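Student: The residues making up each chain are set out below.
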Amino acid sequence: MNPKTKHIIVIFICSTIILSLVVGSLIFNVVFNGEIPQTRVLNDDSGNLIAIAPFPPSFQFPMGTDRDGNDMFYVILKGAMYTIGVSLIISCLSFALAFVFGIIGAFTKSKSKYITQTLFTSFYFIPQSIIAYNLLFPFLWEPPGGYTTTLTERIVLQIVVLSILTLPTTAILISNEAVQLLQKEYITSAKVLGASRFFILRKHLLPHLKLRLFIIYPKIIIQVLLILAHLGFFNLFLGGTAVDHEYGGSPAPYVNEWAGFMGTNYLELYNKAWIFLGPMFFFALTILLLNGLSKGIENLLETQLDPQIIHKKQNIKSKTIIGVSNIKKDDFSLVKSS
Amino acid sequence: MVRFVSKTMFEMILIIIGIILVSTTISLFQMKDFSLLTFGNNFVTITTDIISPQNLVYINPISDVERNLFPIILNAYFSSAQIFFLALIISLFISLSMIVLYFSASHRLKKSIERIGFIISSLPDIFLIVITQIFVVWFFKQTGILVFDFVATMDNHIVLVPAIILSVLPTFFFFSLMISILREEEGMAYVELAKSKGLKKYRILFIHMMRNILISLTTHGKHITWFMLSNLLVLEYLFNVFGVTSFLFSYNTSSIFTVTCILLFVPLFLILKTLQFTFSQKIGSELNL
Chain A
553 MNPKTKHIIV IFICSTIILS LVVGSLIFNV VFNGEIPQTR VLNDDSGNLI
603 AIAPFPPSFQ FPMGTDRDGN DMFYVILKGA MYTIGVSLII SCLSFALAFV
653 FGIIGAFTKS KSKYITQTLF TSFYFIPQSI IAYNLLFPFL WEPPGGYTTT
703 LTERIVLQIV VLSILTLPTT AILISNEAVQ LLQKEYITSA KVLGASRFFI
753 LRKHLLPHLK LRLFIIYPKI IIQVLLILAH LGFFNLFLGG TAVDHEYGGS
803 PAPYVNEWAG FMGTNYLELY NKAWIFLGPM FFFALTILLL NGLSKGIENL
853 LETQLDPQII HKKQNIKSKT IIGVSNIKKD DFSLVKSS
Chain U
1455 MVRFVSKTMF EMILIIIGII LVSTTISLFQ MKDFSLLTFG NNFVTITTDI
1505 ISPQNLVYIN PISDVERNLF PIILNAYFSS AQIFFLALII SLFISLSMIV
1555 LYFSASHRLK KSIERIGFII SSLPDIFLIV ITQIFVVWFF KQTGILVFDF
1605 VATMDNHIVL VPAIILSVLP TFFFFSLMIS ILREEEGMAY VELAKSKGLK
1655 KYRILFIHMM RNILISLTTH GKHITWFMLS NLLVLEYLFN VFGVTSFLFS
1705 YNTSSIFTVT CILLFVPLFL ILKTLQFTFS QKIGSELNL
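From first to last, the protein sequence lines stand for chains A and U. Residue numbering for the first sequence follows our numbering, starting at 553 and increasing by one per position. Residue numbering for the second sequence follows our numbering, starting at 1455 and increasing by one per position.
Keep in mind that the hints were calculated from the coordinates and are not lab data. All of these numbers come straight from a predicted model, not from anything done at the bench. There's no promise every hint is true.
DSS-like, lysine-lysine: derived pairs with alpha carbons at most 30 angstroms apart [stated by the list, open to error]: (1) Lys661/A with Lys762/A; (2) Lys663/A with Lys736/A; (3) Lys1565/U with Lys847/A; (4) Lys1461/U with Lys665/A; (5) Lys743/A with Lys661/A; (6) Lys736/A with Lys1676/U; (7) Lys1564/U with Lys847/A; (8) Lys1736/U with Lys1461/U; (9) Lys1565/U with Lys771/A; (10) Lys762/A with Lys1676/U; (11) Lys1727/U with Lys771/A; (12) Lys847/A with Lys1676/U; (13) Lys1736/U with Lys663/A; (14) Lys1565/U with Lys558/A; (15) Lys1736/U with Lys1676/U; (16) Lys1676/U with Lys665/A; (17) Lys1676/U with Lys771/A; (18) Lys771/A with Lys556/A; (19) Lys661/A with Lys1727/U.
Construct the entire structure; sequences and hints are all you get.
Tutor: Here's what the structure looks like:
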């Protein structure tokens, strides 16, 4: 198969599965109002009680049910929209801002750029999820008297904080990519010919950078997804954690999304493992697909940008043919016969 | 040499200022007070606190006992450092032996090894932690041998298990990185020359290519520390290890957060810079780590 079509197929499969998860979840939430089928007890034909929730994965419940009898498949489907959707929004915001700052950074060569870049290097040495935890804890952890903010406000706050948090490392990454491209010879000759910075950006930098950005973007989504999951494990959920201050029950999420579900059900791993493993599996699958998407785009670009690669391979083949020497006698004909 | 050291010191001070700025922002969020005056005040407070760290106190979140921060944090710090560096050594060792296997494999086997390596390295850290736990429980149920205790209690502290789990992701990261570097190196002129001289395959790999591979590997040092630290955080939280990351949570003050971050950052940064210096001496070109 042509390597190009192979990469396109990989990209297509990865993006289709992710999109169908989000769209399926959207349809489930909007058209079916997100009502999860609930089965608390199972009766046999004569009406006798045979089992109570949670049910392990079976033909009837492909992914089992949780302790309240909610079908896990629908729980996961319902959560997909929030988890993937929010991380898409966050990564988009962060990416757009990082692009602007990164490009500005790439074109400036002053002392102040060096200082800001080094200052932001500190983000490499503090785990981002812990910064997110410490920033968001006062706002998302329910205070004893209940919240003074609404759910939407808290979600917006979380989106803004997380996108600013992932901004520095993304900006440094994009800036480094751009600097690498700006060192190419054709940029220098464009400068010599009197091109303005904006012209270089639009005509020479963007066409090449655009392709690199397609590889970076899925990685940013993964980074955001991981921060969300870590926050879930630290019991800080999207849109706030409901804390029972009177009776001391375990913290619960407001929004049914994957990270919150994984965080609250982590201890089920040792009892009813499927309750935890279902969402975990889908979470890991999403990240795997995003990585596959990024890799597929990278491979595609390599084959597109570098026709030499294909050329090289053919060259190697032809070399071996020459080595074996399949020159036949018929290839020659006498020019002059005596 | 002098110039390099002074530049490194300057960078280090800048990054420490960056860390202080981050924790000042965190303290603003904690007070829910976003004025420039509070920012300035907190910045000054944290800076004075880290200049005289022996006065800092740490309040145990469970028992509410107040203790001096300094002897305690060092215990936690060394156990975390053990886990971190053990994991790093394990992952380097395993990925190097994997690269040797890969090097001697047939073309078709290479493809499938690459694929498996890619899949494992793109799984999220928490998934790998969970999978390892399940595996150990399953192994215990089958054979009755408890390979290791998961949950650390006060008197037994575990190092080997977290280190092994922490090493999984870097191992495959190193591995896939090494493969791509190996590919680049294979096309280089010096390899072709060595081949044409009739040197053995493994001699070329170990003596000539390996050093270049390792040098290229260190250029990703910052990235590796970045994701390993974030893994360590989750690992210590889920395994209940008394490690340095437990001082990062917000029931502690911002000054403790700052001190912990600086403790994490300084040795790693110095190691990276030492590597950079030795390699730039060896190969004569500047690396930026």
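Student: For the pair we were handed, lysine 1461/U and lysine 665/A, check the Cα-Cα distance against 30 angstroms.
Tutor: 16 angstroms, holds
Student: Within a Cα-Cα threshold of 30 angstroms, do lysine 771/A and lysine 556/A meet the stated pairing?
Tutor: 22 angstroms, holds
Student: Taken at face value, is the distance from the CA of lysine 762/A to the CA of lysine 661/A at most 30 angstroms?
Tutor: Since the Cα atoms of lysine 661/A and lysine 762/A sit roughly 22 angstroms apart, the hinted pair holds (cutoff 30 angstroms).
Student: Hint check: lysine 1736/U vs lysine 1461/U, CA-CA at most 30 angstroms. Holds or violated?
Tutor: 20 angstroms, holds
Student: Can you confirm whether the C-alpha distance between lysine 663/A and lysine 736/A stays at or below 30 angstroms?
Tutor: 23 angstroms, holds
Student: Taken at face value, is the distance from the CA of lysine 771/A to the CA of lysine 1676/U at most 30 angstroms?
Tutor: 17 angstroms, holds
Student: So if I understand the rule, the pair passes when the alpha-carbon distance is 30 angstroms or less; does lysine 1565/U with lysine 558/A pass?
Tutor: 15 angstroms, holds
Student: Between lysine 1727/U and lysine 771/A, does the CA-CA distance stay at or below 30 angstroms?
Tutor: 27 angstroms, holds
Student: Given the hinted pair lysine 1736/U and lysine 1676/U, is their Cα-Cα distance within 30 angstroms?
Tutor: 20 angstroms, holds
Student: Does lysine 661/A lie within 30 angstroms of lysine 743/A when you go C-alpha to C-alpha?
Tutor: 15 angstroms, holds
Student: Hey, lysine 1676/U versus lysine 665/A, does the alpha-carbon distance stay inside 30 angstroms?
Tutor: 19 angstroms, holds
Student: Under the criterion that the straight-line Cα-Cα distance not exceed 30 angstroms, is the pair lysine 1565/U, lysine 847/A satisfied?
Tutor: 15 angstroms, holds
Checked against the numbered hints given earlier, the structure satisfies every one of them.
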